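Starting from the known structure of chain A, arrange chains B and C on it as the hints suggest.
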Amino acid sequence: MFSYYPHYDTVATGLTLAIEIIGTFAFALTGIVVAARKRLDIVGVAMVCGLSAFGGGTLRDILLDRRPFFWVEHHQWLWIILGLCVIAMIFLKTKHIELTEKMIQVPDALGLALFTISGTEIALISGSPLLIAVLMGVMTAIFGGVLRDIACNEIPQAFTDHRPYAVIAFIGSWLYIAMDYWTSNEWLPTLIAFSTIVVLRLLAIKLNVVIPSWMRK
Amino acid sequence: MFSYYPHYDTVATGLTLAIEIIGTFAFALTGIVVAARKRLDIVGVAMVCGLSAFGGGTLRDILLDRRPFFWVEHHQWLWIILGLCVIAMIFLKTKHIELTEKMIQVPDALGLALFTISGTEIALISGSPLLIAVLMGVMTAIFGGVLRDIACNEIPQAFTDHRPYAVIAFIGSWLYIAMDYWTSNEWLPTLIAFSTIVVLRLLAIKLNVVIPSWMRK
Amino acid sequence: MFSYYPHYDTVATGLTLAIEIIGTFAFALTGIVVAARKRLDIVGVAMVCGLSAFGGGTLRDILLDRRPFFWVEHHQWLWIILGLCVIAMIFLKTKHIELTEKMIQVPDALGLALFTISGTEIALISGSPLLIAVLMGVMTAIFGGVLRDIACNEIPQAFTDHRPYAVIAFIGSWLYIAMDYWTSNEWLPTLIAFSTIVVLRLLAIKLNVVIPSWMRK
Chain A
1 MFSYYPHYDT
11 VATGLTLAIE
21 IIGTFAFALT
31 GIVVAARKRL
41 DIVGVAMVCG
51 LSAFGGGTLR
61 DILLDRRPFF
71 WVEHHQWLWI
81 ILGLCVIAMI
91 FLKTKHIELT
101 EKMIQVPDAL
111 GLALFTISGT
121 EIALISGSPL
131 LIAVLMGVMT
141 AIFGGVLRDI
151 ACNEIPQAFT
161 DHRPYAVIAF
171 IGSWLYIAMD
181 YWTSNEWLPT
191 LIAFSTIVVL
201 RLLAIKLNVV
211 IPSWMRK
Chain B
1 MFSYYPHYDT
11 VATGLTLAIE
21 IIGTFAFALT
31 GIVVAARKRL
41 DIVGVAMVCG
51 LSAFGGGTLR
61 DILLDRRPFF
71 WVEHHQWLWI
81 ILGLCVIAMI
91 FLKTKHIELT
101 EKMIQVPDAL
111 GLALFTISGT
121 EIALISGSPL
131 LIAVLMGVMT
141 AIFGGVLRDI
151 ACNEIPQAFT
161 DHRPYAVIAF
171 IGSWLYIAMD
181 YWTSNEWLPT
191 LIAFSTIVVL
201 RLLAIKLNVV
211 IPSWMRK
Chain C
1 MFSYYPHYDT
11 VATGLTLAIE
21 IIGTFAFALT
31 GIVVAARKRL
41 DIVGVAMVCG
51 LSAFGGGTLR
61 DILLDRRPFF
71 WVEHHQWLWI
81 ILGLCVIAMI
91 FLKTKHIELT
101 EKMIQVPDAL
111 GLALFTISGT
121 EIALISGSPL
131 LIAVLMGVMT
141 AIFGGVLRDI
151 ACNEIPQAFT
161 DHRPYAVIAF
171 IGSWLYIAMD
181 YWTSNEWLPT
191 LIAFSTIVVL
201 RLLAIKLNVV
211 IPSWMRK
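Protein chains in written order, with this note's numbering: chain A, 1 to 217; chain B, 1 to 217; chain C, 1 to 217.
Pulled out of the complex, with its shape left as it was, chain A reads as follows:
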């Protein structure tokens, strides 16, 4: 699980790991929320939950031709996801769904930030051009949700809700690249880009920001 950041010191590694766990859980929970709305069965819940949590990173790795996937290397996660699904199916009532959505806003923002930056970094290490690295960062962050919505027969929320989610990932990814270019400090780019994404995302939710839409009918 530490493989993304082999050069970090122990505190940073511990923090990264904690955020990774929190973010993956948040992404998995968005899958459970959508699956609950559609009243999928346990197979559907587990698959949609897994898609939400690992779909973005898996697509990135297929495009970059990287193996093994995160969920193959750390397959213990699959048991955790499966357990989460069983617990959710037993205890989650309809009235809990909106509460869950609200509760995961902060962890989801942490996941958005971490997966954007780790996706960008992995693509850069693979020798991708800058724009491709940014695109991989954004896709790592949003394509779990996109695949989740496609599997649930919905237009992906990230494509249609006019909320700044991918856009913030896009900005944060460029910020990370710019910082990485300007400083030789190892963890400053991650820190700045990470905080920027989290703050922008939470602000966007708080202020109900809408991204520009089609101009005229």
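One should not assume that every hint holds.
Pairs count within a copy or across copies, as identical chains cannot be separated in the list.
In silico lysine to aspartate or glutamate, DMTMM-like type, Cα no more than 25 Å apart, as pairs [what the hints assert, rightly or not]:
#	residue 1	residue 2
1	K95	D161
2	K102	D161
3	K206	D161
4	K38	D161
5	K38	E154
6	K206	E101
7	K102	D180
8	K206	E73
9	K95	D65
10	K206	E98
Please keep in mind that the hints were generated in silico from the structure rather than gathered at the bench.
Please read all numbers here as calculations on a predicted model, not as lab measurements.
Leaving out everything else, chains B and C in the frame of chain A:
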């Protein structure tokens, strides 16, 4: 076509081949049934039919980074699928659709069993951890249908019909792995796991078994 | 961008490049038209536009295990696509949508022809059997649109509109292979197959041709 089971004797190989043909036909026919309901054109019917028959194995091979795909190595199958589609479009009337669905229950169960076990075995040979091998077995069996339903703009039946299909594949795959561990017999694990999956599946249809759902509204 | 046709002379290369640009733009515009109908936000428009333009070639390359993808090697295209999306979102009014659809019929036919032939050629060079090469040619041409429609929660137009699009690609691809076998001329097969696809496609639109459907209810 024998490449999955290079160590089997001739009778077993012949049997495996026969079941493989029956199973692939059954999976292809589920594609034709769904495509007929949606009144797709010949291109749609052929693509959905091909997705149903080969989608699960192809996704598995992409995830495991294996080449060539089954349908590339045995491309004669594509002509058979195409012929099947043309025949279906000429002769299949609406009243035949339900009959077809009923008729393919047994071949479909054979396909479920064979593709689960071959998927598990292929993943094990590729060095996958046990849980990943089970997941690959299940995905080989169900993702043809999942991709078929997504292409037809439906929530995948395997995710939402509360019937034990993937769940039986999951059980059968673990059984295969356990048997493989306990015995040195070459074909006993396959035989036991295969029969278990087929029997459980047909029993589930017969007894109208429903898998646990969301507990409360 | 010339990598598909390293052996062509300068005029042919220039022509190919021009058609490639026109075709990619046409495919991208079909994405914008569908995204506009669904009133997607800028993220959705950009992703669907990119899927339409590069989805077919990317899927082909994943199946053939080729890297880098076109849009990774020529990532400048992504800026052009992004600019196209921004311009479309500012200037495209509802009344323009049908006009755009009409205007892109010819460029789209050029794209259909070029991507079918280049897809077939790439698959042949990769050592694919003939039928697989034809399938790859057809998929290169149609799967951008298929992925576009799936992402927009529609049954893919190519599967359901009963118009000859993939069928013409199929015919053109076989014609290319047959010509390639019969003549040692370097660019005659491309020229003949290309013209045939374009002419057949435009004729099909003009004459409102419908491909055979299900025979009876």
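How the hints compare with the structure:
Taking CA atoms no more than 25 Å apart as the test, K95 paired with D161 passes in both settings, with 23 Å inside one copy and 24 Å between copies. For a Cα distance limit of 25 Å, the shortest separation of K102 from D161 inside one copy, 16 Å, qualifies, whereas the shortest one across copies, 29 Å, does not. For a Cα distance limit of 25 Å, the shortest separation of K206 from D161 inside one copy, 16 Å, qualifies, whereas the shortest one across copies, 38 Å, does not. Taking CA atoms no more than 25 Å apart as the test, K38 paired with D161 passes in both settings, with 19 Å inside one copy and 11 Å between copies.
With identical chains, the CA atoms of K38 and E154 are at most 25 Å apart both within one copy (10 Å) and between copies (12 Å). Proximity of K206 and E101 under a CA criterion of 25 Å is satisfied intra-copy only: 14 Å inside one chain copy versus 40 Å between copies. Within a single copy, K102 and D180 get their C-alpha atoms no closer than 33 Å, and across copies no closer than 47 Å, so neither meets the 25 Å cut-off. For the homomeric pair K206 and E73, neither the shortest alpha-carbon distance inside one copy (37 Å) nor that between copies (40 Å) is at most 25 Å.
In the homo-oligomer, the alpha carbons of K95 and D65 never lie at most 25 Å apart, since the shortest distance is 42 Å inside one protomer and 43 Å across protomers. In this homomeric assembly, K206 and E98 come within 25 Å of each other (Cα to Cα) only inside a single copy, at 16 Å, whereas the closest approach across copies is 39 Å.
Violated hints for the displayed structure, listed by number in ascending order: 7, 8, 9.
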